[in-house]
Amino acid sequence: MGKTWKRHLEGYLFIGPWFIGFLVFMLIPAGWSLYLAFTDFSFLKPPVWTGTENVRKMLDSDVFWKSLRITSVYALLSVPLHLGTALLAAMALNVKIKGIGFYRTVFYMPAFVSSSIGVAIMWKMIFSDSGVVNAVLTGIGLDRVKFFNSPDNALYTLVGINAWVLGTAMLIFLAGLQQIPRELYESAKVDGAGAVRRFRSITLPLLTPVILFNLILGIINAMQVFTNGFVITRGGPAQSTYFYVLYLYEEAFKFFRMGYASLLAWVLFLIVLLLTLLTLRSSSAWVFYETEMKGGKR
Amino acid sequence: MRSNSFRSAATTVALYVILSLLSLLFVFPLYWLVVSSFKPLSAIFRIPFEWWPVDWTFKHYKDGWRFMGSVTFARVYLNTAYVTIVAVVATVFTSTLVAFGFARLRFFGKNVLFVALLATMMLPTQVTLVPTFLIFDYLNLIDTYAALYIGAFFGGGAFYIFLIRQFIMGLPFDLDESARLDGASTFRIYWSIILPLCSPVLITIVILSFTWTYNDFFTPLIFLSSIEKFTVPVAINTFLDEAGTGKVGVAIAMTTLSVVPLLAVFFAAQRRFMQGIATTGLKG
Chain Z
1 MGKTWKRHLE GYLFIGPWFI GFLVFMLIPA GWSLYLAFTD FSFLKPPVWT
51 GTENVRKMLD SDVFWKSLRI TSVYALLSVP LHLGTALLAA MALNVKIKGI
101 GFYRTVFYMP AFVSSSIGVA IMWKMIFSDS GVVNAVLTGI GLDRVKFFNS
151 PDNALYTLVG INAWVLGTAM LIFLAGLQQI PRELYESAKV DGAGAVRRFR
201 SITLPLLTPV ILFNLILGII NAMQVFTNGF VITRGGPAQS TYFYVLYLYE
251 EAFKFFRMGY ASLLAWVLFL IVLLLTLLTL RSSSAWVFYE TEMKGGKR
Chain C
1001 MRSNSFRSAA TTVALYVILS LLSLLFVFPL YWLVVSSFKP LSAIFRIPFE
1051 WWPVDWTFKH YKDGWRFMGS VTFARVYLNT AYVTIVAVVA TVFTSTLVAF
1101 GFARLRFFGK NVLFVALLAT MMLPTQVTLV PTFLIFDYLN LIDTYAALYI
1151 GAFFGGGAFY IFLIRQFIMG LPFDLDESAR LDGASTFRIY WSIILPLCSP
1201 VLITIVILSF TWTYNDFFTP LIFLSSIEKF TVPVAINTFL DEAGTGKVGV
1251 AIAMTTLSVV PLLAVFFAAQ RRFMQGIATT GLKG
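Heads up: the sequence lines are chains Z and C, in that order.
In this text, residue positions in the first sequence follow this note's numbering: the first is 1, and each later residue adds one.
In this text, residue positions in the second sequence follow this note's numbering: the first is 1001, and each later residue adds one.
Some hints could be false.
What the hints assert, rightly or not - Using 27 Å as the maximum straight-line C-alpha spacing, the simulated DSS-like pairs for lysine-lysine come out as follows:
no.: 1; chain 1: Z; residue 1: Lys57; chain 2: Z; residue 2: Lys254
no.: 2; chain 1: Z; residue 1: Lys146; chain 2: C; residue 2: Lys1247
no.: 3; chain 1: C; residue 1: Lys1059; chain 2: C; residue 2: Lys1247
no.: 4; chain 1: C; residue 1: Lys1229; chain 2: Z; residue 2: Lys254
no.: 5; chain 1: Z; residue 1: Lys189; chain 2: Z; residue 2: Lys98
no.: 6; chain 1: C; residue 1: Lys1062; chain 2: C; residue 2: Lys1229
no.: 7; chain 1: C; residue 1: Lys1247; chain 2: Z; residue 2: Lys254
no.: 8; chain 1: C; residue 1: Lys1062; chain 2: C; residue 2: Lys1247
no.: 9; chain 1: C; residue 1: Lys1110; chain 2: Z; residue 2: Lys6
no.: 10; chain 1: Z; residue 1: Lys146; chain 2: Z; residue 2: Lys66
no.: 11; chain 1: Z; residue 1: Lys189; chain 2: Z; residue 2: Lys96
no.: 12; chain 1: C; residue 1: Lys1247; chain 2: C; residue 2: Lys1229
no.: 13; chain 1: C; residue 1: Lys1229; chain 2: Z; residue 2: Lys3
no.: 14; chain 1: Z; residue 1: Lys57; chain 2: Z; residue 2: Lys45
no.: 15; chain 1: Z; residue 1: Lys254; chain 2: Z; residue 2: Lys66
What the hints assert, rightly or not - In silico negatives: residues of chain Z with every beta carbon more than 10 Å from chain C:
no.: 16; residue: Arg7
no.: 17; residue: Ile20
no.: 18; residue: Lys45
no.: 19; residue: Val48
no.: 20; residue: Arg56
no.: 21; residue: Ala89
no.: 22; residue: Ile97
no.: 23; residue: Pro110
no.: 24; residue: Ser128
no.: 25; residue: Gly141
no.: 26; residue: Ile180
no.: 27; residue: Arg182
no.: 28; residue: Glu183
no.: 29; residue: Val196
no.: 30; residue: Phe199
no.: 31; residue: Leu278
Said to hold, decoys possible - Which residues of chain Z face chain C? A partial, calculated answer using Cβ under 10 Å:
no.: 32; residue: Trp32
no.: 33; residue: Phe102
no.: 34; residue: Ala135
no.: 35; residue: Trp164
no.: 36; residue: Leu273
Hints are computed from structural coordinates only; laboratory data are not their basis.
Just so it is clear, the structure is predicted and the values come from calculations on it, not from any experiment.
In this text, a Cβ means the ideal position worked out from N, Cα and C, and glycines have one as well.
So that you can see chain C by itself, here it is in the shape it has in the complex (with noise of 0.2 Å):
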């Protein structure tokens, strides 16, 4: 009996120094980051490994934060800001709507267009590339704002219909029933009670929202071409497009900022969001 608690305790002691070594391994990359980011640059790459900077220094975010002739990174930030949010509203608002419509309204054609819906969660990007380009040229969305957000509008995406509707079903229809019979609009039913409802996988549509436009490359990429209007990550990338390693450091501080709202948004909503990723692949 004895031998086996302190057998048990033994693993114990082995599983939390498993699990702290693999944690440095997570968050180490993380952490090089930021140290790197305050070093000046003949201290980043210095062998050995510096594990707190020797000498401070703030220099890296104040070039980085200039930027480009008269943008800033302020103007970066903003751009980004103001993208996000029109996303995440407009995104919220509208895969709700569509997500009510395909949980509890009945119309002619619906199983077809559900099905429809889900095909379109295979069909890579690349395929409607070209075409979409194309029609944004000729809606005169090339270089706007609007092409980068515009997606939102319309659904959001299928796979964020596909939880909120999936959501929507396992609530109970006696809801709907007895407003309806208190003479509620479908419109209030959907605004007065399911949305409310509807809040836990809000708020995973919420986060996935955020962080898929504030990390989005590709879309700006081909889209964006003045730099007064460039979001976060094609802003960042251009500091790799002047390989030299002058930039180095620039480079590294505006990439430690860019990541700061990031892991802010993580570790505010970890727990819950972390249950909604891990029930997706149980019961797609």
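Excised from the complex, chain Z in its bound form (with noise of 0.2 Å):
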């Protein structure tokens, strides 16, 4: 009986930090972020129980639809343009020659440095209006392009620029790639099917699972996007790159709205479950799972 006991409480003490953690920085706060979201709190004064003020100021905010379009805008061309290069980048060094290893760490190499702040700044002056972009474009004859500096670009240049940071997803796929059988491909060979066939008969199908994952991080990571519109645009011009999360930010630490700051973050957190769940309910339409294979229906 008392070594039953001993065994639990070993156990307890073996995850303890986690669990001290989990409730102090993470129950606690999550709980009560909740009940701040329906108050009037400042951080100087306690929180005032407003009920639905919260909600309704937030629908009636242009700002707020305006932060969530520009956000949602970012996700919808960021992740499927981020997964796109990555399969290509990953089918392009999916082959046996010397060297490869070295390509491999070269493409990988940029995601690995791109949580630094500094990759940001360098961004922000290589695209800046005398940067060298511009430069190469006036050196062929082109225009100068105002890429961060006018609101009708700056959305799209943070979108294109997050292409560089491919290497994640790159690997990702590159593993899934090489788990596919040689002979599939040998055989379809045999059976005359060329390249493209080869790729949309057998590569895409057999990788749905790997391209599922991928695109349920990718969401989740674009949809809380901030540190290149924080440091390169400051959500400008305009407003024109104020994303959700710049909002919430800002609201919070630099107007010490504090409760509708939280409102904010929970209905973040809904939206970005929603689309998470709605994911992965679609996938049973599209993605193909090997177990499927043998059993030969579907």
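Join the two chains, each given in its own frame, into one complex according to the hints.
Quick look at the structure:
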């Protein structure tokens, strides 16, 4: 009897560090922020319960809808671009030639350094009005482009530079590609299937589980985009890159509307959760699991 | 036969050309950063682009290193090193303890707690942001280094625990059993048997927690206010606040410098690390 008691205690001691952190820095704050979401709270004075006032304010706020739209456009463009380029890069690297390891390392490297805000600063300079990209454009006789300094372009420039960091998705695709048996391609070749056909009938279906994984990660990351919008464009020009988390951050720590910011955070969580569930739901229609191949029927 | 081998040789050459061109695309931005940091201000944005600095200057590094008032970048790097080392060591220790508990021990409510652990990966940090700020304020952690590394003492993050737990699940149970028969305590089994066998996954954890802490911009942005406590990302960010073009060279130089430790770690450990990343997607 005493022994089982000791065994349970031992288990709790081992997971103790995480469990305390879970309570103090996760569960309690999450519940607390759910309460704050329905209060008027400016940090200096204690929170005042206002019921659905914040919700009404949010739904009436142009900035809320604007930042949500900007973030959605960003996600809608950058996720497919990111996954598409990552898949192409993975396919180019999925060959057995000398020195391929070197190329894999080089292709992956940007992903490793990209979380540094130094890289954001680098892009700001490279795509500035007199930056090296514009130097090249004028060099070949084209007009300069205001990549970050025009409300029409800034968002798309941020989408574009995000494709540079395709490394993590690329490695996951590459691992998926390497699991596809070579014989499948060889027998398809014998049957006279061309490269496009082989890609559509073998590569793509067998890769769908990995695509699903990358897609969900991509959506979660894109909806929470912050650093590039904060460091490079500061949300501008004319709020054209005012991402949702940037809005949330300014509401909380610039205007100290912390109750309202808590509501924004929960709404973001619900949106991301909904998108994830929808993606998972849709997956039964397009994701192909290898076990199905043996069953023969779908 | 002959034409066939000629064709495959041609495709191989074409492949090398394509891969090399693409490599340039991945390397060029960083190359631009490095060479620009050694150019005088007037040459950084000169058209056409100078592939190699005509006049070398170290002025940006000298000016940038001085940073602000009595705080130099030496102080900034010391701050960062201190925070990063504490965070990495604490993460390795607590995340393996917790992962061992979930992988090897039996206790009441284990499965429910493990699901809770996985669920926390889904919760955006923004949700807990405001209350965390209040809790840190209550604990007098605002504007302290501890605010930056305290999470590492509580498992370091659900993802790390999950990775290590998966790895430990793959180790044979006989190891524990025979040690237990020899009278080893549970902690002893964790410390002398399981932990040493975890070294492959621990390398991944060390690199991930190093880059995470070293690059973390959001946490110090919110919790630090005194310049003498700044870490590298928030320090570099101040160059952008004083938007004047005069600071451009300094920002480029200090940015270049900040990427060097990352690249050093990357090239030292890239092989094993890239394998670790690739497998996360397949197991998940």
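Results of checking the hints against the structure:
| no. | hint | result |
| --- | --- | --- |
| 1 | Z/Lys57 / Z/Lys254 | holds, 18 Å |
| 2 | Z/Lys146 / C/Lys1247 | holds, 21 Å |
| 3 | C/Lys1059 / C/Lys1247 | holds, 12 Å |
| 4 | C/Lys1229 / Z/Lys254 | holds, 21 Å |
| 5 | Z/Lys189 / Z/Lys98 | holds, 24 Å |
| 6 | C/Lys1062 / C/Lys1229 | holds, 21 Å |
| 7 | C/Lys1247 / Z/Lys254 | holds, 25 Å |
| 8 | C/Lys1062 / C/Lys1247 | holds, 13 Å |
| 9 | C/Lys1110 / Z/Lys6 | holds, 15 Å |
| 10 | Z/Lys146 / Z/Lys66 | holds, 22 Å |
| 11 | Z/Lys189 / Z/Lys96 | holds, 18 Å |
| 12 | C/Lys1247 / C/Lys1229 | holds, 22 Å |
| 13 | C/Lys1229 / Z/Lys3 | violated, 49 Å |
| 14 | Z/Lys57 / Z/Lys45 | holds, 20 Å |
| 15 | Z/Lys254 / Z/Lys66 | holds, 19 Å |
| 16 | Arg7 | violated, 7 Å |
| 17 | Ile20 | violated, 6 Å |
| 18 | Lys45 | holds, 13 Å |
| 19 | Val48 | holds, 15 Å |
| 20 | Arg56 | holds, 20 Å |
| 21 | Ala89 | violated, 7 Å |
| 22 | Ile97 | violated, 6 Å |
| 23 | Pro110 | violated, 6 Å |
| 24 | Ser128 | violated, 7 Å |
| 25 | Gly141 | holds, 13 Å |
| 26 | Ile180 | holds, 12 Å |
| 27 | Arg182 | holds, 16 Å |
| 28 | Glu183 | holds, 19 Å |
| 29 | Val196 | holds, 16 Å |
| 30 | Phe199 | holds, 16 Å |
| 31 | Leu278 | holds, 14 Å |
| 32 | Trp32 | holds, 4 Å |
| 33 | Phe102 | holds, 8 Å |
| 34 | Ala135 | holds, 4 Å |
| 35 | Trp164 | holds, 7 Å |
| 36 | Leu273 | holds, 7 Å |
Of the numbered hints listed earlier, those contradicted by the structure are 13, 16, 17, 21, 22, 23 and 24.
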